[in-house]
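Student: Full structure from sequences and hints, please.
Those protein sequences? They're chains A and B, same order as listed. Just so you know, the working numbering puts 24 at position 24 of the first sequence, and the rest follows in order with no gaps. Just so you know, the working numbering puts 479 at position 223 of the second sequence, and the rest follows in order with no gaps.
Check the hints yourself; a few may be wrong.
Part of the chain B face toward chain A, derived, beta carbon under 8 Å [as the list claims (entries may be wrong)]:
(1) Ile263
(2) Arg381
(3) Phe386
(4) Ala490
Please keep in mind that the hints were generated in silico from the structure rather than gathered at the bench. In this text the structure is predicted, and so the values were computed from the model without any measurement. We put the beta carbon where it would ideally sit given N, CA and C, even for glycine.
There are 2 protein chains.
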Amino acid sequence: MISGNQIKFIRSLTRKKVRDEMGLFIAEGSTLVEDLLQSTFIFDHLYAVKDWLDVYAPVLQEKRIRHTEISQSQLERISQQVTPNKALAVLRKPDWKFNPDALSDKLSIALDTISDPGNMGTIIRVADWFGIQTILCTYDTTDCFSSKVVQASMGSIARVNIHCLDLKSVLSSLKIQLPVYGAVLNGKNVFSEKLTSHGIILIGNESQGISPGIRDCITHPLTIPSFAPETSHAESLNASVATAILAAEFRRQHTR
Amino acid sequence: MISGNQIKFIRSLTRKKVRDEMGLFIAEGSTLVEDLLQSTFIFDHLYAVKDWLDVYAPVLQEKRIRHTEISQSQLERISQQVTPNKALAVLRKPDWKFNPDALSDKLSIALDTISDPGNMGTIIRVADWFGIQTILCTYDTTDCFSSKVVQASMGSIARVNIHCLDLKSVLSSLKIQLPVYGAVLNGKNVFSEKLTSHGIILIGNESQGISPGIRDCITHPLTIPSFAPETSHAESLNASVATAILAAEFRRQHTR
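Tutor: Next up, the structure:
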């Protein structure tokens with residue numbers, strides 16, 4: 001049984017301010033919740049319909065996760081999905097600690113104000129796929145704990161550390177020890193450059209690109225060449241697509 | 257001045273059935289409309305606010321495009337965007353003719369039921385960027401003339417031909433002369449395969465992958481390797497991201 005106040009509280013978590021104050025966020029759907037049950041994320045409370053709880057009750061018991069059985073219509077009231085799917089979890093935001101020294105031999109991603117939640121979620125999923133453990137982002141980047149980002153990340157949010165910070169000053173100090181590869185329109189062809197196995201892939205905002213102050217931190221400007229130069233063609237690639245192509249190329253050059 | 261009936265008509269174009277019957281679709285926003293003015297697409301009618309028309313009136317005159325000045329509040333009534341931006345065009349759906357013989361020396365994309373409009377728009381933009389002129393798709397693929405696809409394609413929809421057809425039978429006959437590279441989970445590593453410069457990149461549905469019938473048409477199963485095999489990681493890549501990485505690798509191998 002879920003109370004009116006609980007419903008109101010869960011719905012209030014759609015607001016970033018409330019998520020930040022409470023240190024909580026929401027993940028929905030049978031597959032995603034199941035995926036997060038395997039993660040280190042801490043469940044504050046789980047709401048699910050009977051047939052889902054019938055299956056997962058032993059796991060919830062073992063992990064001592066507080067849970068409440070709700071009806072389909074109650075799920076619809078607390079869900080932000082078009083088709084609510086059996087379970088909704090309220091989770092504690094992880095306490096990701098930023099340690100710049102840990103980046104020195106790794107490939108990481110930095111985002112200068114990605115604003116589309118779908119892109120953000122996809123970038124988290126790309127990072128996870130390519131074994132990239134850290135994403136740095138500006139304070140103005142879309143909140144990675146919003147419903148759309150969490151859902152688009154498909155559980156990858158539990159396997160990638162995301163740090164919102166003063167990106168300009170962090171990159172300024174990182175670039176002394178690490179190459180900062182910026183995705184720009186007039187950089188060097190990523191496919192003919194010899195890339196290092198470690199460094200930062202820096203991606204700019206969907207419409208503005210990398211802002212001037214942060215652009216100064218780039219040590220290696222890179223471009224994904226268009227292969228239709230003779231005709232008119234797209235002006236740019238989607239931010240998550242650019243991230244994916246660059247990450248893939250870094251990994252391709254350093255694996256056999 | 258725009259009439260109540262015109263507003264009703266424009267709003268009816270949000271429905272695929274109406275778009276198909278009328279052979280029309282909508283594109284919105286100053287940048288996109290300007291981009292499409294350079295394309296071969298035929299404008300049925302253009303609605304825009306005064307300051308936009310002041311700038312573009314000569315172009316509209318030259319191209320003999322019917323247009324109507326509307327107020328900001330009228331634009332808000334006909335727009336499907338959260339922040340309507342100056343202009344809305346009603347365009348004629350292009351008459352793309354499918355010629356299988358034209359694919360023989362080219363790289364093309366085939367989509368087995370992509371259902372997310374954002375993915376579809378991004379894939380069109382990726383195709384345009386990499387000089388891929390043809391996308392084949394199943395009848396069940398999300399309509400490429402829906403507002404979300406058109407907006408996400410960022411004008412690339414005017415430079416890529418999209419054919420909805422019986423994909424299984426078309427690929428069955430194409431595979432006799434062309435390699436069909438299917439993106440699957442247990443294929444060969446795309447980065448260690450020698451890829452041909454021409455062929456079909458086949459991408460499956462976001463959750464179901466490539467359907468069994470169409471899977472039989474694959475001549476070369478390909479996989480984008482994950483570089484985090486030792487830890488748990490994402491189960492798959494987003495469909496548009498997978499398309500982009502594969503298209504980039506085909507082009508990389510065949511350009512110097």
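Student: Each of the hints needs a verdict: does it hold here or not?
Tutor: Going down the list of hints, with the structure as the test:
| no. | hint | verdict |
| --- | --- | --- |
| 1 | Ile263 | violated, 26 Å |
| 2 | Arg381 | holds, 5 Å |
| 3 | Phe386 | holds, 5 Å |
| 4 | Ala490 | holds, 4 Å |
Figure legend: structure checked against the earlier numbered hints; the only hint not met is number 1.
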